[in-house]
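Protein chains in written order, with this note's numbering: chain Y, 1 to 113; chain C, 1 to 113.
Careful, some of the hints might be misleading.
[Claimed, not checked] If we take Cβ atoms under 8 angstroms as the criterion, some of the chain C residues that face chain Y in the derived model are: (1) Pro43; (2) Ile60; (3) Pro61; (4) Asp62; (5) Phe104; (6) Pro106; (7) Gly107; (8) Thr111.
[Said to hold, decoys possible] Chain Y stretches covered by chain C per the calculated footprint, using a threshold of three residues with CB under 8 angstroms from any CB of chain C: (9) 30 to 40; (10) 43 to 49; (11) 99 to 107.
Keep in mind the hints are simulated off the structure, nothing from the lab.
Just so you know, even glycine gets a beta-carbon here, dropped at the ideal spot from N, CA and C.
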Amino acid sequence: GQNIDQPTEMTATEGAIVQINCTYQTSGFNGLFWYQQHAGEAPTFLSYNVLDGLEEKGRFSSFLSRSKGYSYLLLKELQMKDSASYLCAVKGISNFGNEKLTFGTGTRLTIIP
Amino acid sequence: AAGVIQSPRHLIKEKRETATLKCYPIPRHDTVYWYQQGPGQDPQFLISFYEKMQSDKGSIPDRFSAQQFSDYHSELNMSSLELGDSALYFCASSTLAGALEQYFGPGTRLTVT
Chain Y
1 GQNIDQPTEM
11 TATEGAIVQI
21 NCTYQTSGFN
31 GLFWYQQHAG
41 EAPTFLSYNV
51 LDGLEEKGRF
61 SSFLSRSKGY
71 SYLLLKELQM
81 KDSASYLCAV
91 KGISNFGNEK
101 LTFGTGTRLT
111 IIP
Chain C
1 AAGVIQSPRH
11 LIKEKRETAT
21 LKCYPIPRHD
31 TVYWYQQGPG
41 QDPQFLISFY
51 EKMQSDKGSI
61 PDRFSAQQFS
71 DYHSELNMSS
81 LELGDSALYF
91 CASSTLAGAL
101 EQYFGPGTRL
111 TVT
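Work out the full structure: start from the sequences and follow the hints.
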């Protein structure tokens with residue numbers, strides 16, 4: 001099975017940097033995804049890591065260490081619109097690569113002026 | 001770009017009634033996933049289909065069934081509805097031929113009274 005942990009809530013200041021951590025224990029691993037979700041809306045894909053290291057995408061970066069079962073999402077130059085829940089999700093292994101996602105509980109990030 | 005379409009967007013049913021949710025994946029996507037998200041909860045995987053065959057099954061109640069049709073759209077049928085079925089139901093799609101991320105539809109908000 002999969003066990004994924006994230007902090008429940010975080011607060012950060014507009015213009016600052018925030019790091020959201022995710023730890024996981026899985027029976028099979030085929031990649032880790034980060035999604036952003038505003039209340040009542042669909043999760044929106046942010047990043048994907050399958051190899052160790054840092055993936056950068058504009059103001060968002062994601063890091064993965066498979067040996068440690070650890071990932072983080074780094075958000076820079078925070079904007080008020082970044083207030084949302086951030087979901088860490090692990091993809092298992094299947095014959096075709098289209099395995100389901102198992103989500104963490106999500107981190108509710110609040111940006112303050 | 002075309003996105004995942006779900007209908008209806010909102011649905012109100014009474015206990016013991018039935019409901020059918022529809023999902024139209026992104027064109028040329030071959031895999032459809034269904035997730036259930038209760039209030040304040042992370043999305044929970046229900047079931048998925050690859051090329052019209054069930055590819056994986058999660059925590060889907062026996063009262064629920066789903067299928068994928070020849071045009072790749074999918075329907076989630078829910079019977080004997082219970083109050084606890086009230087949730088957001090997301091459909092996501094992906095393709096083995098392209099990127100690995102799952103694209104989520106806007107969701108159907110089901111309220112059981």
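Tested hints:
The closest approach between the C-beta of Pro43 of chain C and any C-beta of chain Y is roughly 5 angstroms, which is under the 8 angstroms cut-off, so the hint is satisfied. This hint is violated: Ile60 of chain C has a C-beta 11 angstroms from the nearest C-beta of chain Y, more than the 8 angstroms allowed. For Pro61 of chain C, the interface hint is violated, since its Cβ never comes within 8 angstroms of a Cβ in chain Y; the closest pair sits about 17 angstroms apart. Because the smallest distance between the Cβ of Asp62 of chain C and any Cβ of chain Y comes to about 19 angstroms, over 8 angstroms, the interface hint for this residue is violated.
A distance limit of 8 angstroms between C-beta atoms decides the matter here; for Phe104 of chain C the minimum to chain Y is near 4 angstroms, and the interface restraint holds. For Pro106 of chain C, the shortest C-beta to C-beta distance to chain Y is roughly 5 angstroms, which falls under 8 angstroms, so the interface hint holds. For Gly107 of chain C, the interface hint holds, the least distance from its beta-carbon to any beta-carbon of chain Y being 5 angstroms, beneath 8 angstroms. The closest approach between the C-beta of Thr111 of chain C and any C-beta of chain Y is roughly 13 angstroms, which is over the 8 angstroms cut-off, so the hint fails.
For the segment 30 to 40 of chain Y, the proposed coverage by chain C is satisfied: 4 residues have a C-beta within less than 8 angstroms of a C-beta in that chain, meeting the threshold of three. Only residues whose C-beta sits within less than 8 angstroms of a C-beta in chain C count toward coverage, and the segment 43 to 49 of chain Y has 4 of them, enough to reach three; the restraint holds. Requiring three or more residues with a Cβ within less than 8 angstroms of a Cβ of chain C, the coverage given for the segment 99 to 107 of chain Y holds, as 8 such residues are present.
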